[in-house]
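A.B. asks: In order, the protein sequence lines correspond to chains Y and W. Each residue of the first sequence is one higher than the last, beginning at 1 in my numbering. Each residue of the second sequence is one higher than the last, beginning at 195 in my numbering.
Honestly, I wouldn't trust all of these hints.
With a straight-line Cα cutoff of 25 Å, these simulated DSS-like cross-link-like pairs (lysine-lysine) come out [stated by the list, open to error]: (1) W:K428 <-> Y:K15; (2) Y:K3 <-> W:K350; (3) Y:K15 <-> W:K350.
Anything over 12 Å on all C-beta distances counts as not near chain Y; from chain W, calculated [said to hold, decoys possible]: (4) V203; (5) V242; (6) I245; (7) P335.
Derived from the structure by calculation, the hints contain no laboratory data. The beta-carbon is built from N, C-alpha and C at its ideal position, and this holds for glycine as well.
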Amino acid sequence: MKKVLKTLLGVWNTKTVVVVAIGAALFGVLMNYAGIPIYTNTKLTTAMIIPVIVGGMFGPLPAFVACTVGNIIADLIGGWGFWFDWSVGNGVLGFIVGLLPLYGAKINEGIFKVKHAIIYSIVCVLGNLFALGIVIPILTTLFYGGELEVTMAQAWTASIANIVVLIVAGLPILYVLANRNSRRTNLKLEEKED
Amino acid sequence: MNSPLLNLVPGKTFLHKLTGKTKVRTFLVLLVYIIMSFDIRLLFPLLVASIIGLVSLKPRWKTIKVFFYIAIGMNLINVILYYLARPTCGANWCGGGNTVLFQFTDYFTVSAETIWYLSVRFLKMMTSFIVSMVFILSITPSEMAAGLYSVKVPYKICTVFSLAFRYIPDIARDYENIKVSMQARGVEMDPKKASVMTRLKQNVLILIPLIISSFERVGNISNAMDLRGYGKGKTRTYYSEHEELKADKIFKVIYCALLVFCIYWIISHNIMPQPSKMWHPFS
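Start from the sequences, fold in the hints, and give me the full structure.
C.D. replies: Pasting the structure below:
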């Protein structure tokens, strides 16, 4: 149980801080410059890759922070106003997507098998349904009192776009990163006794 | 591709000179103030105040103009979508009345309540846009980190903020370089010539080198930070934070008073049941 909690929280040393910061910056840049608009306030964006990578390396909570901060930064430099409901919702999605180490896909050590790919895809779909179908509409009504129909339409298009990006682009990147790392890690670390 | 909004050097006007603490706290209180109500009597004074604030910052209007067009356009589209989704949406906001002014078809009717609700909504979105604009234009990333730290955000997350802002220009430059060199090798990125799916694939092609080159920097940066003793202490002070000026004290009184008002308003109007969800001139 303690181990699960530790995986969920991640280790917050200097390296994590820097990775999360760079992840957030990448998220902001990709959201603004590498998106393909498909609906109002919704883009087919490759930014959703960032939580996959950060989550794969450092666990869900860093992915959550990277996603939330990244979304706030994207709003700041994009200049379309603040949408905290979407920032937190995307953060929750980042958290769910970043659960990778929890089911044994260790990108740092080069472990990413077909089994993990299948679990990852299922988790992505469920995470999108949860974060964009439940969390964002609730937050939108709380914060802005918006009309649910339009938010739902935005959420559905965004979640479909996210699923496409997470699976079409996320899987190859996970494979590439895992392969890159596995080449370096054929040495085994001896267990220390203490 | 440097963001025209973000300034890294502190400016010279009145609002620029406030401490980061004051800016962040005022902004957070104002966000609560905007979010809590649909009341034009509350929103309109803030809109006027924020426009005065924006003018006092002496921004470069030429670059800002684009952001205004985007914001106005997007909010207009949103309002139109709200109308198309339910033309009678004003009725349940203004206590059930639905005074039809004229109608296109049986479904698309135009009622006074809907016009009122949609225009207040537009005003609210524009207020939130201008307030955040004033906030962004007046603050530097390190002041923002200092301000967030003053509202008890863990300082590692504050560092995430200031570091991320520091690396945006670098990443944007790398992205542009990789994109241009990819295009030189014949990767088509033009929206007119390539379909959405191929463009998504091309974006991934850019993404892999971008991500690898960005994350390769992590080791250098974190080592440099460790060598300077980052993360050893429990608390942190900020170089950009200066002594409170007289204006800071005035702002402190203002935001404290606003916060009390917000709490009163939320309890009396948002939690207690009201005859209608927003203030309106129809009775």
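A.B. asks: Which constraints among the numbered hints does this structure fail? Numbers only, ascending.
C.D. replies: 7
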